[in-house]
Every structure is written in C-alpha cells, then in structure tokens.
Amino acid sequence: MTDALVLSQADGAIGRLTLNDPGRANALSSAMMAALSDALADFAADPAIRVIVLGAAGRIFCAGHDLAELRSTDDLAAHEALFAQCSALMLAIGACPKPVIAHVRGAAVAAGCQLVASCDLAYAVDTARFAVSGVNLGLFCSTPGVALSRAVGRKDALEMLLTGRFVGAAEAAAMGLINRAVPAADPDAAVEEAARAIASKPPEAIALGKRVFGRQIVLAPEDAYAVASRAMAENLGFQSAKQGIDGFLKR
Amino acid sequence: MTDALVLSQADGAIGRLTLNDPGRANALSSAMMAALSDALADFAADPAIRVIVLGAAGRIFCAGHDLAELRSTDDLAAHEALFAQCSALMLAIGACPKPVIAHVRGAAVAAGCQLVASCDLAYAVDTARFAVSGVNLGLFCSTPGVALSRAVGRKDALEMLLTGRFVGAAEAAAMGLINRAVPAADPDAAVEEAARAIASKPPEAIALGKRVFGRQIVLAPEDAYAVASRAMAENLGFQSAKQGIDGFLKR
Amino acid sequence: MTDALVLSQADGAIGRLTLNDPGRANALSSAMMAALSDALADFAADPAIRVIVLGAAGRIFCAGHDLAELRSTDDLAAHEALFAQCSALMLAIGACPKPVIAHVRGAAVAAGCQLVASCDLAYAVDTARFAVSGVNLGLFCSTPGVALSRAVGRKDALEMLLTGRFVGAAEAAAMGLINRAVPAADPDAAVEEAARAIASKPPEAIALGKRVFGRQIVLAPEDAYAVASRAMAENLGFQSAKQGIDGFLKR
Chain A
1 MTDALVLSQA DGAIGRLTLN DPGRANALSS AMMAALSDAL ADFAADPAIR VIVLGAAGRI
61 FCAGHDLAEL RSTDDLAAHE ALFAQCSALM LAIGACPKPV IAHVRGAAVA AGCQLVASCD
121 LAYAVDTARF AVSGVNLGLF CSTPGVALSR AVGRKDALEM LLTGRFVGAA EAAAMGLINR
181 AVPAADPDAA VEEAARAIAS KPPEAIALGK RVFGRQIVLA PEDAYAVASR AMAENLGFQS
241 AKQGIDGFLK R
Chain B
1001 MTDALVLSQA DGAIGRLTLN DPGRANALSS AMMAALSDAL ADFAADPAIR VIVLGAAGRI
1061 FCAGHDLAEL RSTDDLAAHE ALFAQCSALM LAIGACPKPV IAHVRGAAVA AGCQLVASCD
1121 LAYAVDTARF AVSGVNLGLF CSTPGVALSR AVGRKDALEM LLTGRFVGAA EAAAMGLINR
1181 AVPAADPDAA VEEAARAIAS KPPEAIALGK RVFGRQIVLA PEDAYAVASR AMAENLGFQS
1241 AKQGIDGFLK R
Chain C
2001 MTDALVLSQA DGAIGRLTLN DPGRANALSS AMMAALSDAL ADFAADPAIR VIVLGAAGRI
2061 FCAGHDLAEL RSTDDLAAHE ALFAQCSALM LAIGACPKPV IAHVRGAAVA AGCQLVASCD
2121 LAYAVDTARF AVSGVNLGLF CSTPGVALSR AVGRKDALEM LLTGRFVGAA EAAAMGLINR
2181 AVPAADPDAA VEEAARAIAS KPPEAIALGK RVFGRQIVLA PEDAYAVASR AMAENLGFQS
2241 AKQGIDGFLK R
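If you're matching them up, the sequences are chains A, B and C in order. Going by the working numbering, 211 is the number at position 211 of the first sequence; the sequence numbering is gapless. Going by the working numbering, 1111 is the number at position 111 of the second sequence; the sequence numbering is gapless. Going by the working numbering, 2161 is the number at position 161 of the third sequence; the sequence numbering is gapless.
Excised from the complex, chain A in its bound form (with noise of 0.2 Å):
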C-alpha cells in the first residue's frame, strides 16, 4: 500500500503506520481519516501487532483538517459528521486494544496536535511544535480541546487555545502532552524503547490494563477501584500472569 494515505508496515510486533500525504501536510480529510481508522483496525485485529507507533511523512506532523474539505460545503449535517467521524477516531485509538504511540517530527497542528494528545504515548523531537491554533482562524479547536483539556492542566490548555500560540517540545513534554522531547540527533531511540518494552510484555495483560484505565479515570474513587479491583483478579487467572509471577518468585 505504498501510495496509500497511510502506510502500515509489520515490523515484529510492533505496527508501523505513517501518515502519507506531506504534500498536504498530512491533513486528516474525510479519506485520511478513514484509512488511518481502518489501518488502526487492521493492526487492532492482528494477533502479531503488540504495539502500533505513528509517525508521518514530510516535514509536517499533521496540520488538522483539510480546511478545503470543510469549505467544500456549507451543509451542517456535512460538517456534524466530519467532525463525528474525527472524534470517533480519537476515540478508536483509546478503545484500541494495543497501545498506540505518536512519534512526532515536525509540526502537530489542530486536529493534528489531537492526534498526539489522544495517543496512549507521545514521543516528539525537540524542534517539534505543536498549536491548537484554529482560533486564529475564527474555528476555535473545541474537539482538539477535549484531548488537549485530558493530557494537560487546566492554564496550559486554555492558553494554547486562546491564544493560538505554538509550544515547542521541551514545553509540550513539561505539560504533559508528549512523554519527552528527544534530541533530533537520535529522534527514534525513546519510541523504539517504549515499543519494544511495551512489545515484550504478555499483550493480554496490555489490553485489559488499557481499557480498565480508561474506564476508571472518569470515575469516583470507590467505583474506580470496584471497577480495578475485579480486573486485577481476572488479570491474575490469565496462563501468562501465572507463569510471570511463578517465574518471579523462582528467581
């Protein structure tokens, strides 16, 4: 699928996918869009993927929506489901299974800086940049706001949004949105640890932790942990938990 908008590539166990339309600065158009959701999917269902890691091609992140497609109509309903089917992606990265983890060298804009909040992991090089910028264009980013708004505080979030303003790396890592800024001299080893380790580990064990944080954070504390507190002893009847701790306590 080289001339596809996103390439998927099976490197072990970890799930390659690449944002391939640099020439648009990888804009999340309607067909964007949906072949990253249904890259996601492929990689979701294939029992050989651990880990999936997001990049993209070109000198641009991504730059947020195709602001040619948004301008292509004028029909509410039309632009209600573009930005349903936007937000349902953001959605499916958290519902996925597998981590997913941004790696981030250049600009992550808009729709494209919620891409980055929305991943599980986020690793950027520090000449990266990142804005929720649509409000200098009259389009507040209020859906890039609900990611932006989960990752990082409460100022920091506003401020990006108000303002428009650009953050670079070592910011976007002191906030919150990204794990690290890392040196653009080596911008793979951070990613390429976290994947791997994440690939080394028993991936039932990786989905059931990620879907009960997901679950739990927006619960009170009692129900958090009820919910928690049942899946730490399903986790505990799975073969591989077992035979990790069995092997632990040999050691």
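Hints listed in this document are in silico derivations from the structure and should not be mistaken for laboratory results. Heads up, a few of these hints could be off.
Heads up, incomplete: computed chain B residues facing chain A, CB under 8 Å, no partners named [to be verified]: (1) L1089; (2) V1125; (3) I1178; (4) A1199; (5) P1202; (6) S1229.
Label pairs and their calculated CB-CB ranges [said to hold, decoys possible]: (7) B:V1218 <-> C:Q2085: 28 to 38 Å; (8) B:P1047 <-> A:L76: 40 to 50 Å; (9) C:P2097 <-> B:A1189: 43 to 53 Å; (10) A:G12 <-> B:Q1239: 26 to 36 Å; (11) B:D1074 <-> C:D2038: 35 to 45 Å; (12) C:R2059 <-> A:F166: 40 to 50 Å; (13) B:D1223 <-> C:S2200: 42 to 52 Å; (14) A:A78 <-> C:E2080: 30 to 40 Å; (15) C:E2234 <-> A:P47: 53 to 63 Å; (16) A:A220 <-> B:A1010: 57 to 67 Å; (17) B:E1192 <-> C:Q2239: 40 to 50 Å; (18) B:L1249 <-> C:F2166: 42 to 52 Å.
Counterexamples of contact, computed for chain B against chain A with all Cβ distances above 10 Å [to be verified]: (19) A1031; (20) A1034; (21) D1042; (22) A1057; (23) A1095; (24) D1120; (25) L1177; (26) P1187; (27) A1189; (28) A1228; (29) E1234.
Computed from a predicted structure; not experimentally measured. The C-beta atom is built at its ideal place from N, Cα and C for all residues, glycine as well.
Keeping the supplied structure of chain A fixed, place chains B and C upon it in accordance with the hints.
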C-alpha cells in the same frame, strides 16, 4: 469611577479591571465582590471588549475574604450567603464569554489565590507569592480548594491547603496555578501579549470555544466529543470562520 | 508492638507508622494490609494524633502485593477479596480525618507505589525509585493505576503502567507523584516540616478540609462550590476559627 473598589477601564478591546482597595489588601468584602461582579458583567456585555485583564492596586494582589466582615456576625445563614456570593463570582469568571487574565504583581492569598486559579489565564511577576493559608487561622480554604484543585495536581493542592505554605511564582507556574512567572523588570509583557493575541481573534469563536471548553471538561470523553463536535460544526457556520479559512486557503 | 508488621509510635501529635517486614520487602500481604489498616484506624481515633507519617524499615519502601500469597490459590473470589482489601485500605487513607504523609527512602513498586500515590502528601529521598511494573510479570497494575492517574498526568501514568519503567524521585516530583525529592543527606527535613506544620493547625479544620477536598474534587464546579461554600460557613462556626481570626485581626 476612580474612587470605586474596582476600577474599570476600556483600553481598545481590552477591558482592564483593577482591585482598588490597597489599604485593606484588596480584600474580597461583600462590597468588593459585588463591585467586581458588576464590573465583569459590564465588560461581558460590552461588544467593544474582547478580553479582560484583572490586576490590583498596591503591593498585595488580594488577601482573600474580609476577615472583619466574616467575624461581624455569628449568623450561619449570613456566612453561607457570603461564601455563596464568592462562589458565584468565581463561577461567573468561568461563565464570562470573554477570557479573563489575572495579572498578579503581589501576594494572592486564600480567596485571592482562588481568584487567580479561577481566571482563564494568569501571569505573575516572579516576586509574587501564593497561598491558601486559611488553615493557619483555623478556617480551611475549602472554596479556594475547588479552584486550586482544578488548576494544579492533587499533591500540590493538598500541600498548600494542609500546610498553608507560600509558593513563589516560579513554583506556581510549574504546578499550573499560573501560566508563567515573568521578570519583575518587565511585568506586563506576557499579559499584554496574551491579551492582544486574544483581542485579535473573532470574539464569537472565543466565546463559543470558552463555553464549550467549560462544558466538555467535566464530561466523559464520548460525551465531551459529542458536545464539542456539534460546536465545531456550528462554529464553521460563522461568517468570520468562513472568511478566516477562505483567506488562509488563498495564501 | 516491636514485632508487629506495622510499628506504631506516637511522637507528640505526630503518629509514626513503619512498615516493618523488610525481609519481605514490606510486601502488602493480607496480614500487612490488615495491620496497616488497624494502625491507621487507631491513630484516626486517637485525639492526641494530628498527622500520620508512613515510613518503612529497610532498603525497600514497599514492593507491592505479596506475590506468593497471590499465587497460593487460584480461587477468583479469594483474589477479589484480596484486591478489595487493598482498595479499601487505599480509600481509608483518603477517608482518614488526619493527613497521611508518605516518607519514602527506597523503592516503591506496584501497590507500594499506589500507597505513595494514595497518601495526601509524599516526600522521598532523591535515590528512591517508583514503578508500577506488574505488567512485567503479566499482571497489569490496574488498581495502582487508580491512585496514580489521580496524582499525575495521563501520559506519565500510561508510560509507567505500559512500559513498567522505574522513575527516580526527581522525575516523580515533576510529575506530581510526590511533593518533593529531598537530599539523601537530610531525608527527614521536608517530612518533618510538613508534619509539624499540619500538627500546629486546629485539627477540626484539617479534618473538615480534608473531607471536603475529597468530596468536591469529583464534582462539577457548581456542585463542588455548593459543598465547599456550606463547609466554609460551618468551619467559621468553630471556636478555633473564631479565635484564630480574632487573634489575627488584633495584630
């Protein structure tokens, strides 16, 4: 209104409010809260104003509630009314369609710190200090804790609330209570930059975006996206958004 | 009780608890959890105690669950009971009317890290390390994730949970898992300062404040303010608050 408790000054599209009771450390007496609430409402209703900067006269930004007023009665209902008035003021900052930026040049204590936490953005000179130190007098800062715990992490909030300790501006910025600590030599630059940036955006996008941000942040992700997706489609119907995007596409 | 699993010592108004099973890395066996729960309840009920400091004997703060005990049965109900006991212990720390401060001088792993995250405050020597590394054995730290994700940002929590990696004390402080990393040369200063500060406040204000903080933080802002406003008025009726404020006003 130069003798008022809160000075109001329209400076182009920037509405400047100044707490103006320095002799009483700009305490949030019932009269001060009413004056601030009225001044906010006036700017909220003034179509020429696009952003509000809240500063203070004198060495102290705001020392919190007027303790003498609190002790002027033992009537529980009167006390409940005072704290309800204060809570309504803080919620009004969030509900204001125009972003409110705190400009802190001195100590912000108890409900004064709550005021800073409640503003959308906040910048402070690096000599400013922050505390929620009511516990020192036996009056735990429970209402300031509402705003504080929505701006900073749990352990930072609890340390400030339980020990009453003061934190400097740099530490306040690191925890997320303010956006940035700025050199005392140039205390206005960051505030003015943010205010001018916001004033340059289409106000209807800012108003919609701020309202949706406040709504979505308390919802589960699925519900947050439903609200925000519809808002994006609505926003795209604004004339200013169409013009902004069309202008961008023609570049 | 020098031979107990948890040592209890009243030191003036400070209640000191020490996990005391260093030969088993202070693992949270059912017996250890019961002992800690009892010791907490005793200090909670003791009017002479105003703050609790939780430390540990030996090189490791706490290694998490007792894995041999977990593997001593395959009974799902028995496992559910164990995790429910652990969750109840963590919630009891939050429900304790006296602040609980973790004093970490070694590794805090899995449910041991959860214990640190669950304490109101935490200070660690700069050589301490933290992990929620159950995933390494195939047992995802779902219950530790409940406490962790309420203390630190989403991406920090997920990285620790998914990769199992250890973070040092400085990084743990930067993410909000602990309040501060302290030099190993003077490991007690920060803990003692916080404990003495809290012990010097009116305990009824601390108890009310801690209870209200826990209640309000899970509510929408309007509801949080309703709860906290009423609590402020109630607090103002305390004799200690009246005296504290009156003393301040006479200065």
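Hint check results:
Taking 8 Å as the C-beta contact cut-off toward chain A, the hint placing L1089 of chain B at the interface is violated, the least distance being around 18 Å. At about 17 Å, the closest approach between the beta carbon of V1125 of chain B and any beta carbon in chain A exceeds 8 Å, and the interface hint on this residue is violated. Checking I1178 of chain B against chain A by beta carbon gives a least distance of about 7 Å; that is within 8 Å, so the hint holds. The beta carbon of A1199 of chain B comes no nearer than 10 Å to any beta carbon in chain A, farther than 8 Å, and the hint placing it at the interface is violated.
Nearest Cβ of chain A to the Cβ of P1202 of chain B: about 4 Å, under the 8 Å cut. The hint holds. With a cut of 8 Å, the hint placing S1229 of chain B at the interface with chain A holds, because the nearest CB-to-CB distance is about 4 Å. Our hint of 28 to 38 Å for V1218 of chain B and Q2085 of chain C holds, since their Cβ atoms are close to 32 Å apart. P1047 of chain B and L76 of chain A have their C-beta atoms about 26 Å apart, which leaves the hinted 40 to 50 Å range violated.
About 46 Å separates the C-beta atoms of P2097 of chain C and A1189 of chain B, a value consistent with the hinted range of 43 to 53 Å. For G12 of chain A paired with Q1239 of chain B, a C-beta distance near 52 Å fails the hint of 26 to 36 Å. Separation of D1074 of chain B from D2038 of chain C is about 41 Å and conforms to the stated range, judged on CB atoms against 35 to 45 Å. Between R2059 of chain C and F166 of chain A the Cβ separation comes to about 46 Å, which falls inside the hinted range of 40 to 50 Å.
Checking the proposed 42 to 52 Å range against D1223 of chain B and S2200 of chain C shows it holds: the Cβ atoms sit about 44 Å from each other. The given range of 30 to 40 Å is broken by A78 of chain A and E2080 of chain C, whose C-beta atoms sit roughly 49 Å from each other. Our hint of 53 to 63 Å for E2234 of chain C and P47 of chain A holds, since their Cβ atoms are close to 58 Å apart. Between A220 of chain A and A1010 of chain B the C-beta distance comes to about 44 Å, which lies outside the given range of 57 to 67 Å.
Distance hint for E1192 of chain B and Q2239 of chain C: a CB-CB separation of about 48 Å, consistent with the stated range 40 to 50 Å. Taking the beta carbon of each, L1249 of chain B and F2166 of chain C are about 49 Å apart, inside 42 to 52 Å as hinted. The Cβ of A1031 of chain B lies farther than 10 Å from every Cβ of chain A, with a closest approach of about 29 Å, so its non-interface assignment holds. Look at A1034 of chain B: its CB is around 27 Å from the nearest CB on chain A, clear of 10 Å, so calling it non-interface holds up.
With a least beta-carbon separation of about 21 Å from chain A, D1042 of chain B lies farther than 10 Å from that chain, consistent with its non-interface assignment. Consistency note on A1057 of chain B: stated as away from chain A, and its beta-carbon is indeed over 10 Å from all of that chain's, at 24 Å minimum. For A1095 of chain B, the condition that its CB be more than 10 Å from all CB atoms of chain A holds, with the nearest at approximately 14 Å. The claim that D1120 of chain B is not at the interface with chain A is violated, since a C-beta of that chain comes within 10 Å of its own (minimum 5 Å).
Residue placement check: L1177 of chain B does not keep its beta carbon more than 10 Å from all beta carbons of chain A (closest about 8 Å). Non-interface call for P1187 of chain B relative to chain A: holds, since the shortest CB-CB distance, roughly 18 Å, exceeds 10 Å. Interface exclusion of A1189 of chain B from chain A stands, the closest Cβ pair being 14 Å apart, more than 10 Å. Look at A1228 of chain B: its CB is around 4 Å from the nearest CB on chain A, not clear of 10 Å, so calling it non-interface is violated.
A beta-carbon of chain A comes within 10 Å of the beta-carbon of E1234 of chain B; the shortest separation is about 8 Å.
When held up to the earlier numbered hints, the structure conflicts with 1, 2, 4, 8, 10, 14, 16, 24, 25, 28, 29 and fits the remainder.
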